[in-house]
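J.: Each chain, letter by letter, is given below.
There are 2 protein chains.
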Amino acid sequence: MKNPSAAIIVIGNEILSGRTLDLNSQEIATTLIKLGINLIEIRTIADNQNMIVKTVQELSTNYSYIFTTGGIGPTHDDITAESIAIAFNLPYILNQQIYDILQNYYTQIGEKITPARKKMAYTPKSAKLLYNNVSLIPGFVTNNVFSLAGIPQVMKSMLTSAIPMLKTGKVIKSKSIKIIVRESQIAEPFKNLQRKYNNVDMGSYPFTENGIHGTTLLLRSTDYTTLNSAFEELNKICQKYIL
Amino acid sequence: MKNPSAAIIVIGNEILSGRTLDLNSQEIATTLIKLGINLIEIRTIADNQNMIVKTVQELSTNYSYIFTTGGIGPTHDDITAESIAIAFNLPYILNQQIYDILQNYYTQIGEKITPARKKMAYTPKSAKLLYNNVSLIPGFVTNNVFSLAGIPQVMKSMLTSAIPMLKTGKVIKSKSIKIIVRESQIAEPFKNLQRKYNNVDMGSYPFTENGIHGTTLLLRSTDYTTLNSAFEELNKICQKYIL
Numbered sequence: 003m004k005n006p007s008a009a010i011i012v013i014g015n016e017i018l019s020g021r022t023l024d025l026n027s028q029e030i031a032t033t034l035i036k037l038g039i040n041l042i043e044i045r046t047i048a049d050n051q052n053m054i055v056k057t058v059q060e061l062s063t064n065y066s067y068i069f070t071t072g073g074i075g076p077t078h079d080d081i082t083a084e085s086i087a088i089a090f091n092l093p094y095i096l097n098q099q100i101y102d103i104l105q106n107y108y109t110q111i112g113e114k115i116t117p118a119r120k121k122m123a124y125t126p127k128s129a130k131l132l133y134n135n136v137s138l139i140p141g142f143v144t145n146n147v148f149s150l151a152g153i154p155q156v157m158k159s160m161l162t163s164a165i166p167m168l169k170t171g172k173v174i175k176s177k178s179i180k181i182i183v184r185e186s187q188i189a190e191p192f193k194n195l196q197r198k199y200n201n202v203d204m205g206s207y208p209f210t211e212n213g214i215h216g217t218t219l220l221l222r223s224t225d226y227t228t229l230n231s232a233f234e235e236l237n238k239i240c241q242k243y244i245l
Numbered sequence: 003m004k005n006p007s008a009a010i011i012v013i014g015n016e017i018l019s020g021r022t023l024d025l026n027s028q029e030i031a032t033t034l035i036k037l038g039i040n041l042i043e044i045r046t047i048a049d050n051q052n053m054i055v056k057t058v059q060e061l062s063t064n065y066s067y068i069f070t071t072g073g074i075g076p077t078h079d080d081i082t083a084e085s086i087a088i089a090f091n092l093p094y095i096l097n098q099q100i101y102d103i104l105q106n107y108y109t110q111i112g113e114k115i116t117p118a119r120k121k122m123a124y125t126p127k128s129a130k131l132l133y134n135n136v137s138l139i140p141g142f143v144t145n146n147v148f149s150l151a152g153i154p155q156v157m158k159s160m161l162t163s164a165i166p167m168l169k170t171g172k173v174i175k176s177k178s179i180k181i182i183v184r185e186s187q188i189a190e191p192f193k194n195l196q197r198k199y200n201n202v203d204m205g206s207y208p209f210t211e212n213g214i215h216g217t218t219l220l221l222r223s224t225d226y227t228t229l230n231s232a233f234e235e236l237n238k239i240c241q242k243y244i245l
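So the sequence lines, in the order shown, correspond to chains U and Y.
Taking this note's numbering, I'd label the letters of the first sequence as residues 3 to 245.
Taking this note's numbering, I'd label the letters of the second sequence as residues 3 to 245.
FYI, nobody ran anything at the bench for these hints, they're computed from the structure.
As the structure is a computational prediction, the values presented were derived from the model and not from experiment.
Okay, derived cross-link-like pairs now, EDC-like style, lysine to aspartate or glutamate, Cα gap no bigger than 20 Å in a straight line: (1) U/Lys-120 <-> Y/Glu-190; (2) Y/Lys-56 <-> U/Glu-60; (3) Y/Lys-172 <-> Y/Asp-203; (4) Y/Lys-36 <-> Y/Asp-203; (5) Y/Lys-177 <-> U/Glu-16; (6) Y/Lys-193 <-> U/Glu-84; (7) Y/Lys-193 <-> Y/Asp-203; (8) U/Lys-175 <-> U/Glu-235; (9) U/Lys-193 <-> Y/Glu-84; (10) U/Lys-180 <-> U/Glu-190; (11) Y/Lys-175 <-> U/Glu-16.
Can you build the whole structure from these sequences, using the hints too?
T.: Following this line, the structure appears as structure tokens:
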């Protein structure tokens with residue numbers, strides 16, 4: 003059986019302007035890999051309704067799961083929920099569960115639910131909620147699209163709520179070796195090894211540490227027996243290069 | 003006149019697996035914004051030829067400039083140059099200038115140009131080169147696609163070489179104010195301000211510092227006079243919230 007697939011849509015002018023470094027994608031990537039869900043692509047787009055609608059429509063048909071980050075909130079630039087409603091041709095309506103949370107909270111602190119606060123209770127119709135333990139407002143799930151906050155701490159908590167809703171796959175295991183050899187020296191035997199083991203994904207990553215140039219060779223596969231054989235063979239190849 | 007537009011294609015299994023944090027996109031974003039080039043989207047995709055070809059074809063028609071990062075190198079997983087050649091239906095050939103660099107270097111250190119090393123001299127036909135002062139191998143430009151290395155230090159140096167080749171636009175200036183007020187309290191007047199100044203892009207970013215919740219309000223525009231007026235008005239609005 004094939005592993006479920008996924009894509010991330012980062013909604014955020016602040017990433018595109020360089021103002022903010024996107025840390026959420028790595029957090030989601032690290033979570034998905036442990037669940038055996040294959041992350042196929044990440045798209046970072048502006049807070050623009052047409053762009054969000056188009057991207058959600060395209061990716062939600064191509065992949066098992068979509069994760070959006072950002073654009074959930076009370077201000078006019080928070081347009082994720084409405085855009086996803088449009089993408090799926092669903093009504094954009096007041097979610098009673100979220101409204102109850104708001105009412106509870108603002109009654110407690112003696113403040114009113116202003117229109118901006120009420121906006122946070124709107125989701126696409128029949129969205130499921132993704133509670134979090136950091137902020138008041140939950141994320142939400144619309145069909146196969148999981149909409150998470152942009153603030154990393156809040157995003158992480160919503161992602162934890164999403165995990166039990168996801169089908170898992172066979173976990174890709176990885177094995178790696180670091181050698182003090184430049185990529186160009188190991189490239190030839192490494193290529194031949196890749197040819198021999200075509201169901202092991204082999205990557206090569208150069209690094210420089212304290213002025214020394216080396217290469218990390220990384221093998222990844224869901225076929226653990228083959229992974230082990232390939233890694234054993236790689237070790238033998240690398241021994242030739244150890245002084 | 004409209005500003006040039008741009009997109010980034012991050013080519014990297016290591017980003018999608020969560021192994022590596024992508025720092026290059028922020029570096030490119032920060033550079034482009036100073037040049038008045040509007041970064042519209044970022045796509046992170048796997049080291050997969052079909053995916054690279056498809057993405058390059060789609061984005062290079064939509065935007066003035068494309069920047070790719072990663073997949074330049076001697077190993078079998080470095081397939082950026084060949085994929086871009088395919089995307090533009092160009093021959094993938096030995097670049098004599100790069101080959102001369104290699105020959106010079108390896109003669110000096112008394113080593114041979116192996117097939118893997120020779121591979122680094124291949125680019126799409128008539129590609130221009132992007133020299134860098136960190137590593138031996140230059141990046142290259144194919145039509146409107148600038149192919150940069152994945153290692154941040156090398157990428158940065160190649161990007162510097164690319165700058166003189168880019169048409170610039172009117173720089174988007176930004177002004178921001180930080181207030182110790184939650185987003186939901188300022189959302190209503192901020193929305194009205196956005197409605198009044200539709201050529202100023204207004205974003206709201208909540209933050210928590212030392213347990214205090216606040217909001218950064220950010221205004222961005224290429225129309226500096228209007229930006230100043232809008233910011234002046236924003237300051238007046240915010241004064242109501244300063245205790």
